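Trainee: Sequence:
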Amino acid sequence: MSHQNLFSLILLFILVTRAESTVNRFRILEDESTVDVYHILEGGGEYNTFIKFLKETKVGDRINYKANSSDGVTVLAPTDNAFKNLINSISDDEHKLQQLINYHVISKFYEFDELQTVHNPVETLATGEDNEPLGLNFTGKKNQLNVSSGYVVTNVYEKAISISTDPPLAVYKLDKVLVPSEFIDPKSPSSNDAPAPAKAKNGTSDDDEITADDKPSPITAAATKPNDAKRINVGILCLISCVFLMGQLS
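Numbering (mature numbering (1 follows the signal peptide of the UniProt record, and there is no 0)), first residue to last: -21 to -1, 1 to 229.
Hints in this document: simulated from the structure, not taken from any laboratory.
Be a bit skeptical, because a hint or two may be false.
SDA-like mimics (lysine to any residue), calculated; alpha carbons at most 25 Å apart, straight line [said to hold, decoys possible]:
| no. | residue 1 | residue 2 |
| --- | --- | --- |
| 1 | Lys121 | Pro146 |
| 2 | Lys34 | Ile66 |
| 3 | Lys152 | Val14 |
| 4 | Lys37 | Leu104 |
| 5 | Lys31 | Lys138 |
| 6 | Lys75 | Ser86 |
| 7 | Lys34 | Phe88 |
| 8 | Lys87 | Pro147 |
| 9 | Lys63 | Glu25 |
| 10 | Lys152 | Gly23 |
The model shown is predicted, which means the values in this text are computed figures rather than measured ones.
All chains should be modelled from the sequences, with the hints used to inform the complete structure.
Mentor: If you want it as C-alpha cells, here you go:
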C-alpha cells in the first residue's frame, strides 16, 4: 500500500470519527432539551389523576409536541383533590373529558406575572360546538392570581411543582378543575334560574310582608276594631248612673 493511500485512509477515519462524535453530541443536547409534561407532573406528587387523563386523552402527547416545536405551552394542573369534586357525567363522557383536559392547556408559554396582565380571554386548546377556541379569564395583582371559566373560579399557584417550569413549558397548580360554562346544562336548576324573591315594601322584609291569604277577613277586622257606637252607649249608661246616685243621696 502506497503512502498516499495510507494517508487517505487515516484522513477518512478521522473525518468519520469526528462526524459520529458531532452526531452524538447533538443527540445528547436534543435529549436534554426535550420536554416531558408527564415527568414534570410526576415530580409534583399530587397530579396522578391529571396524568391519567392526559394519557387517556393523548393531550399529554400534544403538550410535549407543542412544547418542543412551538412558542411553548402553559398547563394549569388540577390536583388529585380537585378532581374528587368533578361531575361524573363529564369524566364518563370521552369527548367532554378530552375537551376538559384541553381546557387546561394554553398554546403559549406564560410567566406568572404575564398572566396577571394578559389580555382576556386567553384561548385554550378546547373548542366549543362552533369549533371556536374556549377561553379563560385571568385576574390578579401582586402575588395573587385567579382564573375563571365563567362557572369555576380558583387560585393559580406559581411555585407549585418541585421541578422547574422554565420555558418552553410552564405548569401551574390549581385547587379546582376548570369546568367550561358550555358544559353546564342551561335547563338544570341553578341559583340563576330560581325566581327572584319579592321586593320588600315599606321597609319590611319578605317574611314580614303580608300576602292575600294572610290578610284578616272583614269580619275579623270588624271584631278587633274599636266600635265608636259602643263607646257612646257606655258613656250614656255612666251618666244615668250618676244622676240616679245623686237622687238617692239627696
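Trainee: If a hint holds in the structure, say so; if it does not, say that too.
Mentor: Results for each hint:
1. Lys121 with Pro146: OK: lysine 121 and proline 146 at ~22 Å, within 25 Å.
2. Lys34 with Ile66: Holds, because 20 Å separates the two Cα atoms, which is no more than 25 Å.
3. Lys152 with Val14: 18 Å, holds
4. Lys37 with Leu104: Judged against 25 Å, a Cα distance of about 13 Å means the pair holds.
5. Lys31 with Lys138: Holds, at roughly 22 Å.
6. Lys75 with Ser86: 20 Å, holds
7. Lys34 with Phe88: At roughly 21 Å apart (the allowed maximum being 25 Å), phenylalanine 88 and lysine 34 satisfy the hint.
8. Lys87 with Pro147: Answer holds: lysine 87 to proline 147 is near 8 Å, not above 25 Å.
9. Lys63 with Glu25: Status holds; Cα separation ~13 Å.
10. Lys152 with Gly23: Roughly 9 Å separates the two Cα atoms, so the pair holds.
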